[in-house]
Amino acid sequence: MKKVDRNIYLLGGAQTDFARNWSKEGKGVLALLKEVIDDGLKNIGLTYDDISQLNKQSRIACFVGNFIGEYYINQGHLGALLTEVHPAFYGVPSARYEAACASGSVALDAAMTKIRAEDYDLGLVIGWELMKTVDSKSCGDFLGRAAFYEDEAAGIDFPFPKLFGKLADVTIDKYNLDEERYLDNLAKISSKNYSNAKRNPNAQTRKWFMNEAQAKARGTVTNDIIGGRLSISDCSQVTDGAALVAIASEEFMEERYKSIEHPVVVKGWGHRVAPMRFGSKIEASSNNEYILPWTRQAILDAYRRANMTMDDIDVFEIHDCFTSSEYAAISAFGITDPGYEYKAIESGEVFFDGDKPINPSGGLIGCGHPVGATGVRMILDSYKQIAGQAEGLPINAC
Amino acid sequence: MNINVVTVIGANGTMGCRVSGIFASFGDAKVYMVSRELEAAYKAKAKAVMSVRAEAIASNLIPKTYCDLEECISESDLVFESVAEDISVKKNVYKGFAEYVRPNAIVATGTSGLSVNQLSECFDEKIRRRFVGMHMYNPPYYMTLCEVIPSRYTDARIVDEIKTYLKDVLYRDVVEVKDEPAFMGNRIGFQFINEAMQYAEVYKDNGGIDYIDSILGPFTGRSMPPLVTSDFVGLDVHKAIADNIYHNTSDYAHKSFAMPEFALELILQGKLGKKSGCGLYQTVVKADGSRIVNVYDIVTGEYRVREQFVFPFAKEMIQEFKVGNYAQAFRKLISNHSVEATICIQFLIKYVIYAISISKSIGEDIHSADIVMSRGFDWVPPLAAIDAFGGVESFKKIASNRLSKEFLSSIDIDDILTDIPRSRCDFRPFFKAR
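Residue numbers (the numbering used here), protein chains in the order written: chain A, 1 to 398; chain B, 1 to 434.
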């Protein structure tokens, strides 16, 4: 595997307030994109004129992360859509990247690749999704297209909570866990992420009430079962939102951001694809100690490229679309051995004040999960931690 | 400050019930919900649980009656009174429990505008030091504002502790406000709403109620138009708030708190708004289940179907907001000299000016009104509205050009708009594209 030989820098960016319902405000995708781009450019100290200038010199490109705008707002060609935001984007190379919930992350990956290849000096990565345009049942059905729709989602209400409910079932079986203890640990993950979100001024749930007892009250009117053993409190919510991060080359940093004392560098990355069908995933991992070996491999790839180990990492932003996925990620990151994830939860290690805090932002459960924006929001929150810009949510990293 | 046990008196009322839910959830406190009848207390408990969407807090909520006051109060770290807005009723309630209040307990009133000084005088000196106004907005799960109103006797250290508790434990947006009639949110909010009602009477031949609401709709920085809000709150409650301010204050906006004749007549007829089936508006459900919204026509005294007014300035602003062009939307408003656009501009400017002057005189600082109006009313914060108008200088210029000479002579606009800081709030979410 080729190591990173040129530094790629994160410059910052912006996100919209994930508590907002843009449909209720009567506003569409252009309003959403204008806000996040205006705020993002302001944050990194650039103007639309700068974009025009950089484009004349062929130094800038845009990378748009979105899962399924064609369904939610009847809009495709989402790279070109930026030209409707501002004429400065006329001619700027721009395309949409899609990989379901990883759409924002693969847009970021593409941006990093093109900066590394010295094609461009500045990449604007813009992830977004407007999901509150439809009722929750239709929303669940649209999201079902991230599974193998024909077999796993067609005609099924809320297919994804059911799939991640199955992940919970398999986790209990594979590691021979006590069901109640496992579910209590999922409730701890949920209440932790809600609690962390209280410190985050952009989190969807920052005003909502959730505690461990309520997260455990599965099967009640206010915490109904939605997928197998999982309840509403185990799920990230339907969210509208956008996030932007800027990725820059060494030359660009040298030219414009020399005064930054501790620039933020992307040290490593990993990207693997798991079998699409849930059944295939589980069958293929049945002889592996990890329940999600492809996640584990992507993390090992990132550690190796960065020449780091888990011990070097102070804080994790991970994809907790459901509590059962955060649970599985704990061992995938190497915080515990597989099958012993509960230790890191019960000891408080992954809590805000613990040694290995997971999702100090609130994660997807606390922040909300506008699908195409999420990967970008995660890297933005990680950037804020490292750059000391995490409003109200800095981790005490040494 | 450790608040483990709370007694809410008047827990069957809308606010008493919902505030119980806040203490029991975020505060994780045991809450005695005291009502006249036990059955009402049980019903209130079920509502409190649903108001914070959390059945897990049910075990924290304990229905009680006035007969249990001694047991409840003597165990409580905080007593929250939420009975009828009548000073003699409140006094009687206070007499009934004062002797049981623990030495370090806090006593709070949820009054929305009665004098906290006067109420505190019902207690002996010891309790007075620990007595405070704690005014939350409805529904408190969504409207996170809490105005804290110390009396002249309240211990300053205790006020700080209460504010910290409300902020850090109950996740309230807290503003300390002087003990002035209706405090801050309702003073600013009902100045706007009541004046809108007066304008409905003045412009009754143009349509009246729905005409004014169409000029001041969600595109002007609020989730619902002002007269829909009044109908929602109830005309009787609106009157109580407006009268209290009218009779007990004397600033330049004094006249704008007088309720117009037609509204007084509706109250006499028992047409109080949404809660009594009709008021300023009336929703009629047809046999096929569809709904028609009627409006009270001030000229005829009858209900008629609500008009869908389309004013060019409003239509243009909404189109611009839809695609996120806020500056263009305001340029279109400012350059429009129609009667309707002028009313709209005047209301927005007067709102900002009144909010700033009230914030300066009874708030913690000039930002207080921003917190109060956004977290209590879901209205655009006044300082943020100045940003939407293009900043202080631009705002001042528009005010001088578009406000009446009579109004301008009643205020010192340069003084009010001196040293205006930038708002800490974002105006964009408040201006709706509808």
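No wet-lab data here; the hints were simulated from the structure.
It is possible that some hints are incorrect.
[Claimed, not checked] List of simulated lysine to aspartate or glutamate pairs, DMTMM-like, C-alpha gap at most 20 Å: (1) A:K34 - B:E39; (2) B:K322 - A:D224; (3) A:K24 - B:D426; (4) A:K207 - B:D168; (5) A:K198 - B:D168; (6) A:K42 - B:D426; (7) B:K47 - A:D224.
Under the constraints set out in the numbered hints, which ones does this structure not fulfil? 1, 2
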